[in-house]
Structures are given as C-alpha cells and as structure tokens.
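**Student:** If you want the building blocks of each chain, they are given just below.
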Amino acid sequence: MLTLADANLRLNARPIDYALIAVYFAFVLGIGLLARRKVASSMDFFLSGRSMPAWVTGLAFISANLAAVEILGMTADGAQYGLPSVHYYWIGAVPAMVFLGLVMMPFYYGSKVRSVPEFLLRRFGRFAHLVNSVSFALAQVLIAGVNLYALSTVVNLLLGWPSWLSILAAGAIVLVYTLLGGLSAAIYNEVMQFFVILALLLPLTLVGLHRVGGWNGLVGRIDGSSGDAALQLHSWPGTNLTGIGDSTLSVLGIVFGLGFVLSFGYWTTNFTEVQRALSARSMSAARRTPLIGAYPKTLLILLIMIPGMVAAVLSPQLSALKAANAADPSVQSLGGVSFNNSIELLMRDLLPNGMLGIAIAGLLAAFMAGMAANVSSFNTVVTYDIWQTYVKKDRPDEYYLRTGRVLTVVGCLVAIGTAFIAGNFGNIMDYLQTLFGFFNAPLFATFVLGMFWKRMTPAAGGIGLIAGTASAITIDMLNRTGILHVSGQGASFLGAIAAFVVDILLSVAVSLVTRPRTDAELTGLVWSLTRRGDRVHEATGEDAGWYRRPAVLAVGVLALATALNIAFW
Amino acid sequence: MFENRPRRTASSQRAQTLFDLRTIIAALFGIYGTVLTVMGAAGQMPAELRKAGGWNVNLWCGLGMLAFATAFGAWALLRPVSVPPAEADPDTRDTALARTG
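For the record, the sequence lines run as chains P and L.
Under the working numbering, think of the first position of the first sequence as 2, with each following residue one higher.
Under the working numbering, think of the first position of the second sequence as 1014, with each following residue one higher.
Please keep in mind that the hints were generated in silico from the structure rather than gathered at the bench.
What you are looking at is a predicted structure, and each value in this text was computed from that prediction instead of being measured.
Yeah, the Cβ is synthetic: ideal placement off N, Cα and C, and Gly gets one too.
Heads up, some of the hints might be wrong.
Some chain L residues near chain P, calculated using beta-carbon distances under 8 Å [what the hints assert, rightly or not]:
#1 1041
#2 1047
#3 1048
#4 1049
#5 1061
#6 1070
#7 1076
#8 1078
#9 1079
#10 1082
Which chain L residues stay away from chain P? Per the calculated CB distances, all over 10 Å, these [said to hold, decoys possible]:
#11 1044
#12 1065
#13 1066
#14 1080
Simulated DEER-style distance windows between Cβ atoms [as the list claims (entries may be wrong)]:
#15 475(P) <-> 1083(L): 54 to 62 Å
#16 1083(L) <-> 350(P): 42 to 50 Å
#17 1066(L) <-> 13(P): 51 to 59 Å
#18 1080(L) <-> 225(P): 46 to 54 Å
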C-alpha cells in the first residue's frame, strides 16, 4: 500500500497549519458533545431516531464512502489511467444509487428493519442472516483498522509523527465522538467532513489546472508525454483500466462487472451506506438520500481524477514512475513514490501555508469519516443482529443502548489493534479488503432475486450467498496463481460477474426444489406482495414539492451523468 | 438539527439555531476563511506565489470560504429548523422485533 519512507514528501507545516488542524478537531469533538444531548434510546444511538433531513443524510451517504482510502486510491487511478477512472462513479456509483433510492429503499425503510442483515433475516431466515451479519461485522472492524493504518502512514509521511501516535490519536477521537453521540455524531461529522474534504479538493483542482495551462494544457501535456495518451484521454473503452485487451470485452467488463454487479452490490446492500438513509426522518427523505448524494457524487470524481492527472504531469517523480509503469506494469513505485502519493505531492507542490493546514485537516477528515462510518455500522449490526437476535433477547432498550456503547469501544480497540498488525503485514490487509469485497456481489444477486421473486426460498438465500462468494474467490485465486491473465482491475470485475451469475443460477435451482415461505410472511418484503400504498410515500408538509419527487431527482442526476459521459467520451 | 427538544420558547429556538449543523459548518468556515483571507492579504512570499502559478491561493480560498460560510449562515437563519410533530412511533422497534421472532 503506502510504503515510502525515503521519498521526501514531508510537508513544510508551520504553527498556523497546526492551529487550523486543531480548530477542526475542536469542532469534531464539539459535535460529539452536542449530539449526546439527544441520545435517549437505542434507536437514537443507532439510527439517529430516524430524524434526519434528506440533505444531511444525502451528504453523509457519500461522505461515509469518501474515506481517504477512496480519495488516495481514486487520485492514483486518475494519475495512472486517466479518464477511464470516471467509470467508478458515472457507470458504477450513480446508477446504483438511483436504483437504491427508487427501487430498494421502499423495502428497507418501509419494512422498518434496522439493518440490512435484518432484512435478510425477515426475507430468508436465520441461515442467510447469520452468514451476512458475521461477515459484515468482521469486515467493518478490519476495514476500520485499514483506514487507521493508512492514516498513520500518511501522517507519518506528511508531518513526521510516529505511526503509533497517529493511530492512537485518531482512534481515540473517533471513539470519543461516536461513543458520545452515536450515529448522529457520526453523521453530522460526515457532513462537515464532506465540506472540509471539498476545501481540500477544489483548490487543488483549480490551482493544478492553472499550473498546467487549463484543461487543454493538461491534455497537451499528457498527449506529449505518454504512448497510450488516447486511452487516458477518452473514458471508453478503458482497456488500460480493465487490463482486458479487447475493446468490446473491456466495455462489457466495465458495464456489467464494475457497473451492474460490483457497484450495485456495494451501494445497494452495504449497510454502512444504507444506514445513513435509514436514519432519515421519512420514507420520502430516505428515498431522496441516495438521490441527493448522487449529484455531488457525479461531480466529485472530476475533483478527484483531475488532481491525479495533473500530479502525474507536474511531478517529475510521478511522471518517471508512470513511464516505468507503462514499460513494465509490475513497477508500482519508484524511489519511494507510488501513485497513491499523488495527492500528497500536489499538496506539497501547490499549496501555501495556511491553505496547507486546511488541506491536511481535509485529508485527516476523510480518514476519520471512513473509520467512524465503519464503527457506527459495526456496533449496530452486532447489537441488533447478533447480540439481540441470537444471544440476549427481550432485554429493556437501555440494555441494548449500553451494549452499543460497549461495542463501540470494542470496535475501536479492535480497529486500533488491526492497524498495528497491518503495519507488519501490509499486504495481508490489502488482501483482506479484497476478500470482503467478494461478499457484496452475490449479496446484490440474492437481494434482487429475493425482492422480485416470491418463490425464492430461505435455503436458496443462504446457499446462493455462499456459492457466489466462493466463485468470486475462485476467480481471484485463479488470477493470482497466473492461470487467468487479467491485469489492472479486470480480475475483480470478472469475479463479480461470476459471483452474480452463480448466485442467481444456484438460487433459482435450489428454490425450485425447496419450500418457499408463505405469502403472509413476505408481505412488505417482496414487490408483488407489497401494496402500492406501502411502497410510495407521503408527499405533504416537508416532503411536498415537485423538486422533492424521487423520480424527478433520479432523472436529473442520470441526465447529468450521461451528459458528462458524452463530454468526456 | 438537534431538534428533539419539546419546549419551544424563544431561547430554545435560539439555542437550536446555534446548534444547527448549518450554523456549525458556517462557524468553521468563517474561522478558516478569516484566517486565510488575513494571511493572503498580508502578502504571499514569492516562492509560494510561484508554487501556484502566480495565484494568491490563501486570499482567494479565504474569500471563497467566507462566501460559503455566509451562505450557510443565511440559510440557517432564514429557514430555521422546525420541530416536527411527534412522529417517532414507539411501536417501531417492537413490531420490528416481533416480526423477527
């Protein structure tokens, strides 16, 4: 991941920069203290009492995903592959978010489940539920640990702090505010973090473009410097991103693998995201959450990708790496600099003291947003789906509120421990993260089939999930051992497609020979058994107005993504 | 935002505006904008100007943040949060639980 002890990326941070960073942390903790006042029940702690307005949950929805691993990773993709990296957002995330808001949210919010695994429990029973809640909870704390570890390497690199200090400090801050204010504190902070992250990305993009002579200057510089400039300057067919040589197959890989399966799987079933929408104050606000989030999401990739492309042109170290990488794809770092350092290089080279401090705060904000999102979904799933469902049933609500607080501490401690271990086994953590990515693709297949086909049986739910995950892992193994030859991101797209297809086929086959649940048990969980009245929402009071209609918002954002796709064809 | 307070006196209304998320964001960027604008207006060193291709980054970012803070502050003042009628139905979790059982 981030191994760069010898490159001199140290930022020249001065007291004023530290002061601006300190101001930010004072606000983060202050929000935790303020949010504490309204935590009275477990619903308040885990789902913000279902009281959030849609613009807040919408921004938190994308902020929870806009962790630093995402920002560093996507700028790295921008630096390495150029324009094809937009597909993660315009083909991947945005259509999936629209699908979540229009089609799936009515079932999630309407059935009053408190988590995504709980939906599986009611639709498919205990087998699928247990598989999903345990794998999800485990993945969340481990990913939180990865976030924390990545933060410590960046802080070490930029400011020269020892790793253990930044791991403990950041872990403690996230712990304090999620412990105090629960999901509300996490969500309010995510929204504030969103704007601080913008304050990092927007100046970098504008100043960076200015330095290279605008968009045309950037295009000219890329044209002149690298052999596959055409691939980098057009979003399609993106063969450099997928590593699939054939243009048609590459496009299919992007549309079905990345778009339909991977992204739909992630955005529609990952509880970390869905939890933000479940905390909305009404069905209408819940449906609007991913739709409102989709607008900034669509534009955000420009502010992430362009700095990456600029960095690869401006920084001599990065251009040297890029040339070496083009000649031999196995070269991932050169002289201690890897593509993951693009944003740090730009911060060092473009920003004056003052703005630099705010940019560092933005980067730290991104790390903590990611970790807080993981911890707050972890404590909810463990409390409601594991503890309350299988271990201690029927206790008073205060008991579960207390459990949630204890689990927040446990989650943070495990994450801190993971971060320390990851320091010694960097590659293992990388691998773990890929591994947990395997759970999402089959999950989406099971959800979609289960929501639209009432005949699908509980046994099919569980078996489909396991077989789908197994096939994604198999593809990955085949690629790692060299039996399949796909470089770039193609292997994970292929694995996702395999998981989806196997899950669907097997689920149908198993359903046909096992006994389905009765219609009465599935009311509100399956499309054909849910009255239209339960699927649509009130459009009165604060939910009134044509501009608040989910369909209108959906058409608008899809049009925006399409227009951008054409503009950057 | 932190609106689950039953009483709605003038002072609690003021407290709500103060604890409104929009006010908090406006305050943060108000501080940031002021500091950056002052730093930028005090003049940038030639080396730092060269970094940004001649732009005074602190000044422009500072002014941008002040404008943003003003917009958020105005939004919070002009459209204060209204306390929604008691909407939390107490049987939410009970029904959810009952059905899972």
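**Student:** Please name the hints from earlier in the document that this structure breaks, with their numbers sorted from lowest to highest.
**Tutor:** 2, 7, 9, 10, 11, 12, 13, 16, 17, 18
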